[in-house]
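The task is simple: from the sequences and hints, build the whole structure.
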Amino acid sequence: MGQLEVEFTGLRAGSGPVTLGQANVLEWIGVREQERSEVLCSFVPVPAGCGVEDVRASLAILLARHEALRTTVEPGPPATQTVRGSGRLVAELHEIDGADVESVLRERIVARRFDFGRDLPFRVAVATRDGVPYLAALALSHLAGDFASIAMVREQFAGLLADPGARTVGPVGPQPVDQAGHERTPLARRTAEAALRYWDTQLRAMPQCVFSVPHQGPAGNREGHLRSRAAGLVLPALAARTGAGHSTVLLAAFATLLGVRTGNPRGALVSICGNRFRPGMAGFVGTIAQDALVPFELGASTESTVDTVVAGMRVATMSAYRHSQFEARRLYPVMDAIAAERGTRFHRDCVFNDVGAHREDRPVDATPPNLKDVVRALRDTTFQWLHRSSYPVACYLTVLRAGREVELTLYGDTRYLPDVEEFLRAIETLVIASAKRPVPVADVSKITGIRPVERGPDWVWLDSCWVDPAAVQALLDDVLDGRPSLVVARPGRLTAYVADPGRSLTPHQVHQRCVAALAGRYTAVAPSRYVICARAPGNPHDAGAWAAQPVVAQGSGRLVGKQRDVASH
Numbered sequence: 001m002g003q004l005e006v007e008f009t010g011l012r013a014g015s016g017p018v019t020l021g022q023a024n025v026l027e028w029i030g031v032r033e034q035e036r037s038e039v040l041c042s043f044v045p046v047p048a049g050c051g052v053e054d055v056r057a058s059l060a061i062l063l064a065r066h067e068a069l070r071t072t073v074e075p076g077p078p079a080t081q082t083v084r085g086s087g088r089l090v091a092e093l094h095e096i097d098g099a100d101v102e103s104v105l106r107e108r109i110v111a112r113r114f115d116f117g118r119d120l121p122f123r124v125a126v127a128t129r130d131g132v133p134y135l136a137a138l139a140l141s142h143l144a145g146d147f148a149s150i151a152m153v154r155e156q157f158a159g160l161l162a163d164p165g166a167r168t169v170g171p172v173g174p175q176p177v178d179q180a181g182h183e184r185t186p187l188a189r190r191t192a193e194a195a196l197r198y199w200d201t202q203l204r205a206m207p208q209c210v211f212s213v214p215h216q217g218p219a220g221n222r223e224g225h226l227r228s229r230a231a232g233l234v235l236p237a238l239a240a241r242t243g244a245g246h247s248t249v250l251l252a253a254f255a256t257l258l259g260v261r262t263g264n265p266r267g268a269l270v271s272i273c274g275n276r277f278r279p280g281m282a283g284f285v286g287t288i289a290q291d292a293l294v295p296f297e298l299g300a301s302t303e304s305t306v307d308t309v310v311a312g313m314r315v316a317t318m319s320a321y322r323h324s325q326f327e328a329r330r331l332y333p334v335m336d337a338i339a340a341e342r343g344t345r346f347h348r349d350c351v352f353n354d355v356g357a358h359r360e361d362r363p364v365d366a367t368p369p370n371l372k373d374v375v376r377a378l379r380d381t382t383f384q385w386l387h388r389s390s391y392p393v394a395c396y397l398t399v400l401r402a403g404r405e406v407e408l409t410l411y412g413d414t415r416y417l418p419d420v421e422e423f424l425r426a427i428e429t430l431v432i433a434s435a436k437r438p439v440p441v442a443d444v445s446k447i448t449g450i451r452p453v454e455r456g457p458d459w460v461w462l463d464s465c466w467v468d469p470a471a472v473q474a475l476l477d478d479v480l481d482g483r484p485s486l487v488v489a490r491p492g493r494l495t496a497y498v499a500d501p502g503r504s505l506t507p508h509q510v511h512q513r514c515v516a517a518l519a520g521r522y523t524a525v526a527p528s529r530y531v532i533c534a535r536a537p538g539n540p541h542d543a544g545a546w547a548a549q550p551v552v553a554q555g556s557g558r559l560v561g562k563q564r565d566v567a568s569h
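The sequence shown runs 1 to 569 under my numbering.
No wet-lab data here; the hints were simulated from the structure.
Computed from a prediction, not measured in an experiment: that's the story for all the values here.
Idealized CB from N, CA, C, for every residue including glycine.
Treat the hints with care, as some may be off.
Just the calculated beta-carbon pair ranges, DEER-fashion [said to hold, decoys possible]:
1. 549 with 217: 35 to 45 angstroms
2. 376 with 13: 51 to 61 angstroms
3. 447 with 3: 49 to 59 angstroms
Put into structure tokens, the structure is as follows:
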């Protein structure tokens with residue numbers, strides 16, 4: 001292994017408070033050093049004729065142009081960011097060849113953790129043949145940038161390598177220090193407050209997750225990649241007919257298939273919003289993307305179509321994206337309060353991320369595509385499995401491209417979505433079918449092959465959530481330290497009987513324990529009501545016998561409004 005030392009000098013140096021994005025990443029990571037799963041990595045082929053000096057010069061320009069690449073962060077409190085005015089980046093040179101070059105380079109630059117307060121958040125490794133570079137790997141700490149950032153850095157690096165005349169810093173746009181200043185203005189503070197109110201409103205009404213389903217397969221995960229020229233041919237006409245963007249159409253198709261598969265007529269997905277709406281922010285390199293909570297509804301009417309879902313998604317995304325800049329540390333207490341009140345826990349189980357929206361020209365053409373061209377293009381559709389990733393979600397759909405071609409990747413937790421390839425192909429099928437006519441939601445399963453899951457007869461619909469009483473019983477068993485209990489399902493209510501001879505528990509205490517243990521339990525909610533009994537019946541599985549026991553206390557366990565625990569004497 002060799003080294004390439006890159007000296008850089010920026011237009012300014014300085015320090016100041018962190019941005020909301022940086023603060024949110026610190027909240028998310030929770031430690032000083034970053035794990036490899038929280039590092040963004042991308043690859044750039046080095047054009048023929050470029051040498052090591054071209055790589056050095058191009059990297060120096062990138063570091064001068066984007067302060068995020070030369071900014072360190074001290075977590076605090078209070079957290080601060082420091083922009084280095086000058087310094088040195090040491091890139092690695094590896095004389096290697098073979099089919100697995102990307103894996104080797106990736107491992108070299110993500111294996112070591114980033115120390116936020118000391119390390120540059122940007123790393124580079126370059127593969128060479130006989131000393132000539134041919135592939136560069138770029139790694140960016142999530143504290144320094146998001147997916148749009150690494151895409152812009154990759155594209156600019158490729159352009160600088162290809163064109164020596166472009167190797168000037170040029171005019172620079174807003175930088176993370178500038179963004180932190182903007183976020184402290186009265187307007188930006190009001191925007192952040194409105195975002196918290198939006199999340200509060202949505203979380204009080206939506207199902208706690210999409211994949212409240214029985215396990216569909218063994219534990220594991222898979223990620224697939226689909227490239228479809230046929231979907232690219234039909235998207236413009238579909239976008240024109242519905243008045244929605246390409247991204248929204250794909251998101252609606254995804255949500256429709258999720259709703260059909262899970263039997264959820266309504267739900268919510270997390271869509272990653274780039275938050276580059278303000279003038280001058282399109283080229284911003286920094287961590288500014290955040291979760292947007294997007295509700296969806298398939299509609300109960302037989303006249304409901306995928307076009308209807310797209311129309312609803314168009315309105316929903318506009319509102320969700322407008323409310324996607326907030327302080328995570330202030331959102332978590334909102335989530336906790338709603339969890340305690342509803343007895344449900346928001347699960348970020350389905351995520352959508354359009355990483356190509358910032359850079360692609362996506363024309364809207366109302367002209368219907370030639371169906372013969374679409375059929376021919378279907379022969380070119382390709383699918384391949386990717387190296388296994390690991391995300392704490394049930395599924396994650398990424399739109400890599402939605403222009404002349406549609407390029408998607410889908411990650412699935414095999415307990416909930418084992419048929420990743422079939423689901424990706426179903427998105428393509430649904431988009432193409434919708435281009436011909438508004439497809440009734442009732443026909444989606446027949447057209448795509450995506451079948452609804454089967455739930456047992458004991459499952460109940462409670463507070464907008466599908467609930468498995470057996471999962472609620474398992475929840476109680478886990479939090480009651482061996483005390484006998486029984487969950488009884490009645491229309492609109494789950495009642496938990498709990499034996500407490502020592503009279504040490506209250507409904508509120510049991511409810512607190514249940515809510516605290518809901519994370520990761522997609523099919524369980526906290527019971528609607530708790531009945532604390534002086535003892536357990538001889539048959540702890542007999543609901544009638546539990547109802548005949550002396551009651552110590554009963555109530556919802558929720559200390560809000562008029563819901564209070566009642567002690568029995």
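Hint check:
no. : hint                             : result
1   : 549 with 217: 35 to 45 angstroms : holds, 41 angstroms
2   : 376 with 13: 51 to 61 angstroms  : holds, 57 angstroms
3   : 447 with 3: 49 to 59 angstroms   : holds, 56 angstroms
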